[in-house]
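In our numbering, the protein residues as written are 1 to 128.
Read the hints as simulated data drawn from the structure, not as lab findings.
Cross-link-like lysine to aspartate or glutamate pairs, in silico, EDC-like; alpha carbons within 20 Å at most: (1) K19 - E32; (2) K19 - E64; (3) K80 - D104; (4) K80 - D70; (5) K19 - E55; (6) K19 - D33; (7) K19 - E51.
Here the structure is a predicted model, which means the values were calculated and not measured.
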Amino acid sequence: MRPHLTHLFMEVGSMERAKRFWLDALGLQLLEDRGVYIAIGGNGGFAMGIEQVLEDRVSSEGPEITLRVDDVDVTVERLKSFDIEIEEGPADQPWQARHAWLRDPDGRRMSIYSTDAPTMAMTSVEEG
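When you get a sec, could you build the whole thing from the sequences and use the hints?
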């Protein structure tokens, strides 16, 4: 199976400010709310994960591209065969996924993960 582009991920300094912008001002849907982490989406089934971090830890790199794959360990080995450096992982995460982080050829941070749980885009906090 080919990878699924499931969501972008970014860090914010204020969850309240992020919710006001993405949900209230832009009208996107709240898919998941864990307090310091939310997932938001629109009508297309695509999602963006937002995590609150300390203001001085917010990355200015832009969103992190995230791909869901069948087996993150197999995918990491494939990437290594193309001389792609894995920055972190693969490792099991508390959010019930196995993740690895790397950079694309232009230096953008991205992650790949595998899980048996539904993707963020398939679940919703609010119905309708």
